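Engineer: Top to bottom, those sequences are chains D and V.
Position one of the first sequence corresponds to residue 1 (the working numbering), numbered consecutively onward.
Position one of the second sequence corresponds to residue 332 (the working numbering), numbered consecutively onward.
Everything labelled a hint here was simulated from the structure, so no lab data went into it.
Just so you know, these numbers come straight off a predicted model, no measurement behind them.
C-beta: ideal position from N, C-alpha, C; glycine also.
Check each hint, because a few of them may be wrong.
Said to hold, decoys possible - Here are the in silico distance ranges between beta carbons for each label pair: (1) V:T454 with D:K159: 53 to 63 Å; (2) D:T155 with V:V575: 11 to 21 Å; (3) D:M158 with V:T630: 33 to 43 Å.
Residue strings, one per chain:
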Amino acid sequence: MILQPGVIALLLASLGTTGLLLYAAGIGIQILRGWDVTSSNEQQLMLERKTALVSSIIAILLGFQIATLALFIYTADALHPLFTGSMCAVGTLNVNPFGYPTLLAKLACTVISGIWLILNRADNRSSSSPLTRTRFLWLLALAPLATFESVALVTFFMKLKPNVITSCCGSLFDGGQATLSSVLAGLTPLPTALVFYITAIATLISSLYTWRTGRGSRILAVGSVATFITGIAALIAFFCLYYYEIPTHHCPFCLLQPEYGRIGFLLYGLLIAGVITGCGSGALERHKTKPGLTRVIPPLQRRLAIFAAVSFTIYLTLVTYQAAVSSFKSG
Amino acid sequence: MTPALDRQRNILDFTLSSLLRRRGKLLSLVFIYSTVVFVLASIMFFTHALRREAQILLADAPELVVQRMVGGRHDPIPLEYAVAISEIRGVSGVQPRFWGYYYDADLGANYTLQAVSDNSLQTGNIAIGAGLAQLRGLGNGDAFSLWGSDGQPRTFTVSRVFSPASDLLTTDLIMTTEGDLRELFNFSKGTATDLSVAVRNPREVQTVAERIVELFPDCRPITREDIQRTYTAVFDWRSGILLVTASMAIWAFVIFSWDRASGISASERQEIGILKSTGWATEDILLLKLWEGIIVSLTSFLLGLIGAYIHIFFFSAPLFTSVLKGWATLYPSFRLTPFIDYYQVAILFVLSVFPFLLATIVPSWRAAIIDPDNAMRGGA
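Only chain D is shown next, with the shape it has when bound in the complex (with noise of 0.2 Å):
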């Protein structure tokens, strides 16, 4: 156990939240119980009133997993001097099992909690509230998601001991163990950009296509996953080499550091927007026919599909442009 102030802020933020999260939940099974929109009595009446508790605190909660999640990458990247050997937050990620499964955890939360929010937004557009089992159905796929997380996390800060020789960026991610960052750095550039710009190009027709039509939401989800995660393989294979300007030097978390003038959060930033703008998008589809939502849902996917756009183009403008004026030339 590591007594660092980065570490004891994620403690407290990570429990404060699940505490928080598990508490909306519980209000989100009563609901799922006692819902029923045609009645008037007391009790409905109190549950429509804690429907607005429920969106406040997810609203909370997707700003605070936003900020815990760049903390936590950069609580690793303090703490790596402590491991011999590890020379960034992968060395620290890579020091005991729980550490790449806590950032995936947090990244699904903030995911589920933007798609949760778009939803949500849907529902009190319409007077009705006719989306308010599916927003608590989803709320209780995100409370085990959270509490998963702050398991892993507590377990990751009480099993880290400093000197226990870790692989460093350098050799894990010159491609030679299997882990999934290694094979995500041992993917051949070139391919793997190719297939990454046809995924985004793609995406990009398709939410053009729904924000002219408003239709093929559910392909745009799918395409948006999937510029989400070719994305990040071919930031990681190809396009962080032309900002680190090194052959060899593949790693995920050096582009958040100031020598590298913090572009990382930018370009993070842009894929998880589109991801959950994207799949939000998709995510609605399926309710755009039930009453009261007829005309809610159609306009809300189409300014998501657009929103979705912009984010992908300004990711797939910058990653180009740093391709093209970089120094680096790859072979």
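Chain V: place on chain D using the hints.
Structural biologist: Just chain V now, kept in the frame of chain D:
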């Protein structure tokens, strides 16, 4: 402006005017909140600045120091070891070092004595730190006596006083020639206190260290990285301990803000009642409360942060110097280089603003669902 932004702006406007109407309540909350931030920020700025100073200083430390251990304790090292170590592949130089501590019973202070490795001092001359010079009222050319380990006093002439700028390193330092130090401490011939080893390629330090242990199992090689890691861990640990102590304050503050947010006054109830009866929805009131929380949080956060900055970097942390630095009679006086890391600010934000927002969500909601009819009549 889009309608959504307009809505936020109007609610923000209303929140500000409503907060200013209840100035007294606001001020007491901001005062307590910013005090909490001030304490946390002071701890973090201070330890971080110290750690940075240590890192900057250690950047010039020898790559590898070799000490001989006897019975688990540091013992003088034979000079033959130096010859053998200098023959290891990759070693570019070995420098024997001579140093020791001297206890001044008159003042209850400890000095560090070290021999110069070049010819910058003549026999009988010493160079001393500014702190020591001030403590004993010494200047260039003055005589200064030290008791030798044989019980006899020896008198030295001060030939140089280090500039106060190097206080952190030199405040208690006395530099002598190797011969004077050997005589004063009665060091046996053919030994040194430890060896400083220079390694040509920094990546080979670990390999050289392993080779040294193979050759001389009674030796302990200490790499610069070891020292840096230890310092980082010690400073992290110290600030962590202080933060854990301070977390009681955070906890008290959470209870306070919960209580504050729950116990809304009759006039506030009435205000919410009127707002709701004029068409504000529960969501709008929640938004109003959220803006209130954000305004209070950011104001207090900035006030606390600025206060801590002044406390640490202008006044050198008078409030907890003794806890964090250690204890000594002769203490370096130094002003820390002002330095703020975004990472530290982010940690502070999570430590202070998150608990406040978390503690006020449920009470805000309770306030927002007040029945307008009841509230305007002044009932429960």
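Engineer: Each hint: holds or not?
Structural biologist: Against the structure, the hints come out as follows:
Between T454 of chain V and K159 of chain D the C-beta distance comes to about 57 Å, which sits within the given range of 53 to 63 Å. Judged by the Cβ atoms, the range 11 to 21 Å given for T155 of chain D and V575 of chain V holds: they are separated by roughly 19 Å. Range check, M158 of chain D to T630 of chain V: about 36 Å between beta-carbon atoms, so the 33 to 43 Å window is met.
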